[in-house]
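*Asks:* Construct the entire structure; sequences and hints are all you get.
Each residue of the sequence shown is one higher than the one before, counting from 2 in my numbering.
Simulated from the structure, these hints should not be mistaken for laboratory data.
Given the structure is predicted, the values throughout are model-derived calculations rather than measurements.
Incorrect hints may have been included.
What the hints assert, rightly or not - Label pairs and their computed distance ranges (CB to CB):
#, residue 1, residue 2, range
1, Ala150, Pro189, 18 to 28 Å
2, Thr170, Ala286, 40 to 50 Å
3, Asp67, Asp201, 18 to 28 Å
4, Gly392, Thr144, 20 to 30 Å
5, Arg173, Asp67, 11 to 21 Å
6, Arg324, Ser289, 23 to 33 Å
7, Pro189, Ser289, 34 to 44 Å
8, Asp317, Trp143, 43 to 53 Å
We put the CB at the ideal spot given by N, CA and C, even for glycine.
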Amino acid sequence: MSVTTSRASARAQRTAVTGTVPAPTTTRGAHVTTTTSTSTSTPDTLAATSLLNALTAPEPASLPVDPRVVTLRSDTWELGVLPGTGGSLAFGRVLVDGRWLDLLRPARPTVYGAPEKCASFPLVPWSNRIRDGVLRFRGRTWTLAHNAADGTAMHGAVASYTWRVVDRTAARVELELDTRDLVGVNFPWRFRSRLVYELDGTDLRVTTTVENVDAEPFPAGFGHHPYFQRRLTPAAFTTPSSVAADGSDEGDAPTPTPSTSAGASSGTLPGSDAVLHVPADRGYALESAMAVTSAGVVRARADYREPRPLGTAFVDDVLTGLRPGEPVRWTYPDHGVEVRLGMDDVYSHLVVYLPRRRTHFAVEPVTNVNDGFALHDAGVEGTGVFVLEPGESRSGTFTLSVGRV
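*Replies:* What follows is the structure in structure tokens.
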């Protein structure tokens with residue numbers, strides 16, 4: 002893993018900082034939970050062993066400057082943020098042995114306006130689905146717009162709006178969305194949300210805040226939906242994604258090519274699949290991808306309590322009971338790279354999504370279980386749904402850390 006150098010710093014300093022607005026004073030959320038890794042490498046070791054790579058590292062992928070993208074850079078990361086597309090991400094690349102590789106599934110510029118086809122997107126003010134779009138809370142019922150093919154209200158209510166850039170530096174951007182200024186928001190109450198993307202050496206930190214700016218309490222949640230590459234690929238040679246005609250899967254569907262490598266899955270790319278470890282001890286029984294009761298046993302298909310390759314089985318599960326102090330992590334054997342996901346306690350749930358015959362997978366840090374509003378209203382404990390009083394806010398940070406194994 003390449004490290005900070007004078008050249009990297011110079012590249013960062015050349016990034017223009019324009020059109021910024023002073024950020025209003027806000028109360029920050031909880032800090033990132035400290036996590037440990039099984040790797041014996043340390044940032045200092047990485048710095049000492051990869052200085053030459055950093056000095057000779059290429060510039061990030063040579064693409065025309067796109068005014069829709071706010072590009073952040075550190076010595077290890079290059080991140081493309083799309084304020085005009087619901088605060089989504091266009092790409093997330095990491096520098097490995099002098100090469101920029103796509104860690105997040107890159108989006109084609111032609112789909113930058115479609116959040117669910119992007120590399121990642123925020124889920125505010127709820128994660129995943131609301132069955133039939135019916136939201137019940139304290140004796141009242143609202144019907145939300147059905148924005149998914151299965152007749153649910155899905156993935157929150159902020160994807161269709163442009164987030165205002167509040168503050169920006171070479172390695173950090175802060176975005177804000179205030180629904181009091183908007184028309185047609187698919188949620189009964191008014192809220193304000195902040196989203197901060199920040200690069201710091203080998204870390205990407207993402208902080209989400211939801212604030213009640215209405216006159217009455219409401220239930221809420223949030224999360225993020227990143228798509229990760231099953232196998233790291235060179236950023237400069239990213240091939241266009243093809244999308245299912247019905248839009249049911251937002252990712253790529255490349256022509257399969259044979260692969261005989263150990264751990265290879267579906268034959269979609271040469272090399273070995275990522276090896277995933279999710280130390281979560283409970284899961285949910287799902288009907289049409291939505292929970293119907295409180296958490297129970299982890300289904301076998303989604304059980305990654307012992308590290309194993311992603312595999313070929315379809316997985317779309319919600320896990321909870323995350324073990325304190327144990328990060329979710331996965332490794333890329335072909336590159337000797339490990340990714341660790343550390344989360345604040347508010348992220349009490351995790352969605353693991355492995356579509357068949359795709360070159361990506363998702364590990365989604367979320368606060369609430371799928372259809373959590375219905376379970377919460379029914380008195381089920383542990384849904385992850387929280388209630389915000391007027392003027393109250395809730396924040397959470399998750400961190401993606403990249404290192405060597």
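*Asks:* Decide, hint by hint, whether the structure agrees.
*Replies:* Now the hints, each set against the structure:
Separated by about 23 Å at the C-beta atoms, Ala150 and Pro189 satisfy the suggested range of 18 to 28 Å. For Thr170 and Ala286, the Cβ-Cβ distance of about 45 Å falls inside the hinted range of 40 to 50 Å, so the restraint holds. Asp67 and Asp201 have their C-beta atoms about 25 Å apart, which keeps the hinted 18 to 28 Å range intact. In this structure the supplied range 20 to 30 Å holds for Gly392 paired with Thr144, their Cβ-Cβ distance being about 27 Å.
At about 20 Å, the beta-carbon gap between Arg173 and Asp67 stays in the expected band of 11 to 21 Å. For Arg324 and Ser289, the hinted distance range of 23 to 33 Å is satisfied, since their beta carbons lie about 29 Å from each other. For the pair Pro189 and Ser289, the beta carbons lie near 23 Å from each other, so the given range of 34 to 44 Å is not met. Roughly 26 Å separates the CB atoms of Asp317 and Trp143, a value that falls outside the hinted 43 to 53 Å.
Checked against the numbered hints given earlier, the structure breaks hints 7, 8 and satisfies all the rest.
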